[in-house]
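J.: Each chain, letter by letter, is given below.
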Amino acid sequence: MRILVVEDDVDLNRQLCEALVDAGYVVDKAFDGEEGHFLGDTEPYDAVILDIGLPVKDGISVLEEWRRDQRKMPVLILTARDRWTDKVQGIDAGADDYVAKPFHMEEVLARIRALVRRSAGLASSEIEIGPVRLDTAGSKVTVDGMAVKLTSHEYRLLSYMMHHHEKVISRTELTEHLYDQDFDRDSNTIEVFVGRLRKKLPNDFIQTVRGLGYKVSAT
Amino acid sequence: MIFSKLSISLRIFLLTATGLLVGLLITGILLTNLYSAALTRNIDAIAEQQLDALIARVLAEDEASLQTLPSIDPRYTEPNSGWYWQITKKDESVLGVSSSSFGISIPTLDLEYDQNNSRKGNIFDDDDNWLRILERKLFVSDDDVFTITVTADWDEIAADVGLFRQQAIIVLAFMGVFLAILCGLIARLSFGPLLKLSASVQDVRTGQSERVEGEYPVEIAPLKGEINALLSANDQILQRAKNHVGDLAHGLKTPIAVMRNELKGEGAEIVFGQLDRMQAIVARYLDRAQLAARTAIRGRTTDLKLASEKIAKVMQKLNPEKTVSLEVRLETVDKFHGDPEDFDEMLGNLVDNGMKWSNGAVRISVLDHTAEQAKIVVEDDGPGISEEERSTILKRGKRLDEEKPGSGLGLGIVSELVSVYGGSIELDRSDMGGLQVSVIIPAIKQRKS
Chain A
1 MRILVVEDDV DLNRQLCEAL VDAGYVVDKA FDGEEGHFLG DTEPYDAVIL
51 DIGLPVKDGI SVLEEWRRDQ RKMPVLILTA RDRWTDKVQG IDAGADDYVA
101 KPFHMEEVLA RIRALVRRSA GLASSEIEIG PVRLDTAGSK VTVDGMAVKL
151 TSHEYRLLSY MMHHHEKVIS RTELTEHLYD QDFDRDSNTI EVFVGRLRKK
201 LPNDFIQTVR GLGYKVSAT
Chain B
1 MIFSKLSISL RIFLLTATGL LVGLLITGIL LTNLYSAALT RNIDAIAEQQ
51 LDALIARVLA EDEASLQTLP SIDPRYTEPN SGWYWQITKK DESVLGVSSS
101 SFGISIPTLD LEYDQNNSRK GNIFDDDDNW LRILERKLFV SDDDVFTITV
151 TADWDEIAAD VGLFRQQAII VLAFMGVFLA ILCGLIARLS FGPLLKLSAS
201 VQDVRTGQSE RVEGEYPVEI APLKGEINAL LSANDQILQR AKNHVGDLAH
251 GLKTPIAVMR NELKGEGAEI VFGQLDRMQA IVARYLDRAQ LAARTAIRGR
301 TTDLKLASEK IAKVMQKLNP EKTVSLEVRL ETVDKFHGDP EDFDEMLGNL
351 VDNGMKWSNG AVRISVLDHT AEQAKIVVED DGPGISEEER STILKRGKRL
401 DEEKPGSGLG LGIVSELVSV YGGSIELDRS DMGGLQVSVI IPAIKQRKS
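Those protein sequences? They're chains A and B, same order as listed.
Under our numbering, the letters of the first sequence match residues 1 to 219, in that order.
Under our numbering, the letters of the second sequence match residues 1 to 449, in that order.
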C-alpha cells in the first residue's frame with residue numbers, strides 16, 4: 001500500500017511518514033501544494049494524507065484539481081480548522097475523511113486503514129479469502145486460524161493483493177504500490193517476494209496469470 | 001417642541017398652507033381693491049361727463065338752454081335710479097333737476113371743496129340708498145354762484161364689488177387647496193425613497209436581506225452605496241479580528257501535534273499534561289473569537305433546507321456504511337436567523353454525535369416550530385442514554401464513553417450555541433431506539449424579493 005503525505009511542517013511530515021512506515025505502508029512525501037499535486041497526479045497511491053494549509057498551493061485547490069482530473073484515490077485531510085463549515089468545505093472539495101489537528105497518530109492510522117479498505121469495496125477491517133484471514137487493524141495474517149509470520153515486505157504484498165482479490169494484478173502495478181518513487185524498480189524482486197509468500201500460504205492461493213501477473217482468489 | 005416631532009412632509013404641508021393662506025388673502029384684497037377702483041373710475045367718468053355737460057349749459061347764460069338741460073345717460077331719466085343731478089343757485093333755489101330725481105332730496109356732502117371748487121364722496125340718502133356724489137361750485141359772477149351736483153348709484157358698484165369678492169374668494173380658495181394638496185403630494189413623493197431606504201436598512205437589520213437593495217433617485221443613491229460600504233467594512237473588521245485570533249490558535253495546533261507525537265519515555269506524562277492545557281487554552285480563545293464575531297450578528301441568515309442537505313450529504317459520505325435520512329418540512333419559516341457557520345456547527349455536531357452512537361441509521365428532521373422558530377430533530381438507533389446522563393451530556397467536555405472517537409465536546413458546543421441564539425435544546429428517547437436531540441432556533445420567513 002502506497003501512501004502520499006503532503007504536509008509542510010517538516011517534523012509533522014516526518015512523524016507521519018515514520019508512523020505509516022511502521023504500520024507497513026510505503027510512503028512518499030511532499031512539503032508544498034505544487035509538489036504534492038504533481039505526485040498525486042502522476043503516481044498511483046492507495047491513499048493520500050493532505051494538509052489544508054499548504055504553501056504555494058492550498059490543499060483544497062490541490063484536491064479539487066485531482067478530482068477534476070478524475071484522480072479518485074481516497075484522501076484524508078488534516079486541518080487545524082475544525083469547525084464543521086471547514087470540514088464541509090473539505091468534503092465538498094472531494095475529501096473522503098478528515099482529522100483535526102492536533103491529532104493522535106493512532107487515529108490517523110485507523111482512518112487511513114478504513115479509507116483503503118473502503119476504496120477496495122470491503123466492509124470489514126478483516127479480509128477473509130478461503131482459509132486466509134488478513135487483519136488490517138492488527139497487521140496479522142492467519143491461515144485456518146493459525147498465525148503466519150510474515151516480514152513487513154511480505155505483509156505489504158499480501159495485503160495489497162487481498163485488498164484487490166479476484167483481480168489480475170500486474171508486476172508493474174505491484175511495484176508501483178509497494179515501493180516509493182525513489183526505489184530502483186526491478187520487477188524481479190517482486191517475483192522473489194511472491195515466491196517466498198507462496199511457501200507460507202496454501203497452494204494456489206496466489207495464482208500466476210501468464211503474461212499478465214498474479215491473482216488471489218478463494219478457489 | 002411639538003413641531004420638532006412632526007414629519008417633514010407635514011411640516012412642508014403646514015408651512016405651505018400658512019404661506020398660501022396669507023398670500024392668497026392679500027391677493028384677494030388687492031384684486032378686489034383694484035376692481036373697485038376701476039369701477040369707481042368708470043362711474044366717475046360718466047358723472048363727470050354729465051357734470052361737464054351741465055356746466056356748459058349754465059355758462060351759456062341762456063334761459064332757453066337752461067329750460068332743457070341734457071341727461072347724457074338714460075339712467076338720469078329713470079326715477080329712483082340713484083343717478084341724479086341738480087343745479088342750485090346761491091340762494092339755494094333749484095335751477096334745474098334731473099327727471100329721475102323728482103321727490104328725492106340729494107344729501108349734502110360734509111366735505112371741503114378742493115382748489116377746483118369740486119368735491120366728491122359717498123353718502124347715504126334718506127331712503128338709505130348709497131350714492132356717489134360729484135359736486136362743483138361755479139362762480140359766474142358774485143351773485144351768480146351755481147352749485148352743480150351729479151350722483152351715481154354706489155349700491156350698484158358695492159354689489160358688483162361684493163360679487164367680485166365672493167367669486168375671488170371661491171377661486172382663490174380652490175387654488176389654495178389645490179396648491180396645498182400638491183405640496184403635500186410633492187413632499188410625500190420626495191420623501192418616499194427615504195422611507196423606502198429606511199425600510200431596506202431595517203430589512204438588513206432583521207435579516208430579510210444582506211444588503212440595502214433597490215433603485216433610488218440620484219440624491220440618495222450615494223447614501224445607499226455608503227450604507228452598504230459601511231456594512232461590508234464592518235463585516236471585514238469583524239472577520240479580520242476573528243481571523244487573527246483564529247490564525248494564532250490554529251497555528252499552534254501543528255506544533256502541539258508534533259510535540260505530542262514526539263513524546264516518549266521519562267517525563268512524557270508531565271509534558272502531555274501541559275500540552276492538554278495548551279490545547280484547552282487554544283480551544284477557549286477560538287471560542288471567544290467566534291463569540292465576539294457573533295455578538296455583532298446583523299442580518300445573517302441561513303437557508304435551512306440547503307444547509308441541512310449539505311450536512312446530510314457530507315455525513316453520508318463520511319459514514320458510508322450508515323444511513324443518513326433527511327426530512328425537511330417548512331412552511332412558516334425557511335431561514336435560520338443566524339450565521340451559516342454556526343448552523344453547520346450545530347447540525348454537524350448533532351449528526352456527528354448521532355453517528356457515533358447509531359447502529360446504522362440517523363434521522364434529521366428540519367421542521368417549523370412557530371412563525372419565528374425552527375425545530376431541528378436528530379435521532380439515532382443507538383443505545384440511547386439514561387435520564388441522569390442526559391443532564392451531564394450537555395456540559396462541555398463531558399464524555400460518557402471515552403472509547404468513541406471525538407473530543408466529546410459535540411453536544412456541549414451545540415448547547416452553548418443554542419443558548420447564544422436564545423433557543424432551547426431538549427433530549428429525549430427516539431422511537432428509533434436511541435437518543436433524540438431537539439433544538440429550537442430562531443428562524444424567519446424570507447420575503448420574496
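Incorrect hints may appear among the rest.
[To be verified] In silico BS3-like pairs for lysine-lysine, Cα to Cα no more than 27 Å straight-line:
1. 445/B <-> 196/B
2. 140/A <-> 264/B
3. 356/B <-> 305/B
4. 167/A <-> 196/B
5. 167/A <-> 215/A
6. 313/B <-> 72/A
7. 196/B <-> 305/B
8. 264/B <-> 375/B
9. 140/A <-> 167/A
10. 200/A <-> 72/A
11. 445/B <-> 313/B
12. 200/A <-> 215/A
13. 57/A <-> 356/B
14. 313/B <-> 264/B
15. 375/B <-> 313/B
16. 196/B <-> 242/B
17. 72/A <-> 445/B
18. 149/A <-> 72/A
19. 57/A <-> 317/B
20. 72/A <-> 317/B
21. 137/B <-> 120/B
Source of the hints: derived by calculation from the structure; they are not laboratory data.
J.: Indicate, hint by hint, whether the structure satisfies it.
T.: Each hint, compared with the structure:
1. Between residue 445/B and residue 196/B the alpha-carbon distance is near 20 Å, which keeps this suggested pair within the 27 Å criterion.
2. The suggested pairing of residue 140/A with residue 264/B holds, with an alpha-carbon distance near 25 Å, which does not exceed 27 Å.
3. With a C-alpha separation of about 24 Å, the suggested pair residue 356/B and residue 305/B falls inside the 27 Å cut-off, and the hint holds.
4. With a C-alpha separation of about 70 Å, the suggested pairing of residue 167/A with residue 196/B is violated against the 27 Å cut-off.
5. Restraint check for residue 167/A and residue 215/A: satisfied, since their Cα atoms lie roughly 6 Å apart, inside the 27 Å limit.
6. Restraint check for residue 313/B and residue 72/A: the C-alpha separation of about 18 Å stays at or below 27 Å, so the hint holds.
7. A hinted pair counts as satisfied when its Cα atoms are at most 27 Å apart, and residue 196/B with residue 305/B does not qualify at roughly 30 Å.
8. The hinted pair formed by residue 264/B and residue 375/B fails the criterion: a straight-line CA distance of about 48 Å is larger than 27 Å.
9. For a cut-off of 27 Å, the pair hint linking residue 140/A to residue 167/A stands: about 22 Å separates their Cα positions.
10. Among the hinted pairs, residue 200/A with residue 72/A is inconsistent with the structure: their alpha-carbon atoms are about 34 Å apart, more than 27 Å.
11. Of the pairs offered as hints, the one joining residue 445/B and residue 313/B holds, with about 24 Å between alpha carbons and a cut-off of 27 Å not exceeded.
12. Note on residue 200/A and residue 215/A: the hinted pairing holds, with a Cα-Cα distance of about 16 Å set against a maximum of 27 Å.
13. About 34 Å separates the Cα atoms of residue 57/A and residue 356/B, which puts this hinted pair outside 27 Å; it is violated.
14. Distance hint between residue 313/B and residue 264/B is unfulfilled; the C-alpha atoms sit about 40 Å from each other, more than 27 Å.
15. Only pairs whose Cα atoms come within 27 Å are accepted, and residue 375/B paired with residue 313/B is accepted, the gap being roughly 20 Å.
16. Proximity of residue 196/B to residue 242/B is assessed by CA-CA distance (about 33 Å); at most 27 Å being required, the pair is judged violated.
17. Distance restraint check for residue 72/A and residue 445/B: the Cα-Cα separation of roughly 41 Å exceeds the 27 Å cut-off, and the hinted pair is therefore not satisfied.
18. For the proposed pair residue 149/A and residue 72/A, the alpha carbon gap of about 33 Å is over 27 Å, so the pair is violated.
19. Among the hinted pairs, residue 57/A with residue 317/B is consistent with the structure: their alpha-carbon atoms are about 25 Å apart, no more than 27 Å.
20. A hinted pair counts as satisfied when its Cα atoms are at most 27 Å apart, and residue 72/A with residue 317/B qualifies at roughly 14 Å.
21. About 12 Å separates the Cα atoms of residue 137/B and residue 120/B, which keeps this hinted pair within 27 Å; it holds.
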